[in-house]
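2 protein chains.
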Amino acid sequence: MEEKRTEISQLGEFGLIDRISESFELKNPSTVKGIGDDAAVMDAGDHYSLLSTDMLVEGIHFDLSYIPLAHLGYKSVAVNVSDIAAMNGKAEQIIVSIAISNRFSVQAIDELYKGIKTACESYRVDLVGGDTTSSSSGLIISVSVAGKVAKEKVAYRSGAKPGDIICVTGDLGAAFMGLQILEREKQVYLTDPNMQPNLQKYEYIVGRQLRPEARTDIISDLEEKGVKPSSMIDISDGLASELFHLVKNSGYGVRIFEDKVPIDKETFDTALEFNLDPITCALNGGEDYELLFTISQADFEKVKNHADIHMIGYMHETKSANVLITKQGNTVPLSAQGWNHFKP
Amino acid sequence: MEEKRTEISQLGEFGLIDRISESFELKNPSTVKGIGDDAAVMDAGDHYSLLSTDMLVEGIHFDLSYIPLAHLGYKSVAVNVSDIAAMNGKAEQIIVSIAISNRFSVQAIDELYKGIKTACESYRVDLVGGDTTSSSSGLIISVSVAGKVAKEKVAYRSGAKPGDIICVTGDLGAAFMGLQILEREKQVYLTDPNMQPNLQKYEYIVGRQLRPEARTDIISDLEEKGVKPSSMIDISDGLASELFHLVKNSGYGVRIFEDKVPIDKETFDTALEFNLDPITCALNGGEDYELLFTISQADFEKVKNHADIHMIGYMHETKSANVLITKQGNTVPLSAQGWNHFKP
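The listed protein sequences correspond, in order, to chains A and B.
Numbered by my numbering, the letters in the first sequence go through residues 229 to 572 in order.
Numbered by my numbering, the letters in the second sequence go through residues 229 to 572 in order.
So that you can see chain A by itself, here it is in the shape it has in the complex (with noise of 0.2 Å):
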């Protein structure tokens, strides 16, 4: 008999994890939470303690004829304390292994690491360890992250509740909108060398894009307003995606206002001149690294006339009914795209 052969593809990346971790049981008591959340979390005493990991493949996630070395590598840490941010935690070390092909000097590495340091510098993380080696085809960057967090204040995926109100930080849609500038830009090139790309005209959108920032801002900001998110999450694969996890994880339903949801005025033109609607790229665009959140509606008038706290919608009661309402007043069902890089 023929063993079946089932392609990745198929499940898709939250297949395979589901897939992977279906089979794993915890068991140390140190463990309080697994895979399923932005970082892992740990009982180390008198706090938890965080964990969390991004691979970057050269090919998929980056190319770098577009992205400088030391943007991806700043882009590297940012992501990861990222991950640390959405546990309402701060991170406090990294440890970063890289593969590499013999295409890359000695100066190349130096400039990876200039980022890597500047990112350090910026989050306060201290660079404590990893692995170098070669690799038979361009470069991968594995980092690693570790934070910790009081105990009374860790946010996970799964504690929204009914009437809470939903927000995000910052603006939404722009890495993809950067993203699309800089394949856009790539090909001219590479059909006529003599242009020179225009990216001017497009300098926030493409920043965004190269050079994303975890906002540890807010995590600062929301303990000195004293509100704790009953959830949270990091967009890296686009708010309807990171809104499903919240859904998936709570157990109710969500309602979003297209009016509610930041989008900068550079994203919605070029959105525009790309014959895109806003909106969708707002809505399913990765790699904004900005946070969502739910709020307990007694917290409303802490964060309210924060500039860059957005309330975009509630929790309600029915887990099935996740809804967009358009500005004409319509109501349209949501779904996430998110980002699949197993997609064939």
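To be clear, the hints were calculated from the coordinates, so they are not data collected in a lab.
Treat the hints with care, as some may be off.
Treat identical chains as interchangeable: a pair holds within one or across any two.
As the list claims (entries may be wrong) - Dumping the calculated DMTMM-like pairs for lysine to aspartate or glutamate here, alpha-carbon to alpha-carbon at most 20 Å:
1. 345 to 246
2. 493 to 271
3. 555 to 420
4. 456 to 529
5. 456 to 380
6. 255 to 349
7. 345 to 431
8. 530 to 338
9. 342 to 291
10. 530 to 505
11. 379 to 449
12. 261 to 349
13. 379 to 271
14. 255 to 380
15. 381 to 449
16. 342 to 250
17. 379 to 274
18. 345 to 452
19. 555 to 505
20. 530 to 449
21. 453 to 527
22. 429 to 445
23. 493 to 505
24. 456 to 527
25. 532 to 274
26. 379 to 492
27. 555 to 411
Following the hints, complete the assembly by docking chain B onto the known chain A.
Below, chain B without anything else, positioned relative to chain A:
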């Protein structure tokens, strides 16, 4: 002026690590030890937490034409657990990131995680997270491990004092000779696919290559006997290379006796079959994942009857005099070849 290009092979892996770590400062008060030991050490209040990582790259660290995926999964966990053991600590959680090309089916990934699961059970560690992504070529596995150790028990590479006894566990050179057998049988098979690989005679050494174990049992035994090693490291790059790490970190020299270095009979016989000197294989063959440690002479009685701990020499004052006393009584300088994945 043309920018200078330095090849990574000119620096080697250790040179590259030194170059990277030199430019980074540690700033967080919780960071006790950064780059430069088997694991990073963080102050977690009543204990130290430990963090380490290893990356395994197809075509560099493993060849799927002879390592079964389940063994590879097991090995990727074991080598990380070994890093925590080398700090005299206990591994508790791992996170596993994989990058996979579409050559791999879901069934193949199941096999890999079956091995990871077996290792998690055998070492009592929890899989708590990770990342899955596609790669344009081959399989990359990046594992990070978190563990803990009582503050007074942590063993660094740096603590050895003159007079301390140098110990190794198990036997050495086996994994290296196992690799030679696997490479030879692969060549035979490539020449004539009708030939069946002849591995039976080499079961022990091939097993040592394909499915190494972390010596967590030794950590328990030492604790039971009330012995705290004055320094410790795991043997991943070869005994000689690791001895030089102890020398560099302690500031003292080593004297090793050839007739005390443990070599299994199968390793010994196979080395001769390949016209290799068995002691050279034991000194320079990597991937045994045994422990190398030093104890004070006061602990001699507590350890001397342990069947799997071998005293192979001692530390002495002169850092520059690192020697091997041969079976014939000659004193020859030790030299470390180690492994350099960046060799051209």
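Contradicted hints - numbers only: Hint check: 2, 3, 7, 8, 10, 14, 18, 22, 25, 26 and 27 fail, others pass.
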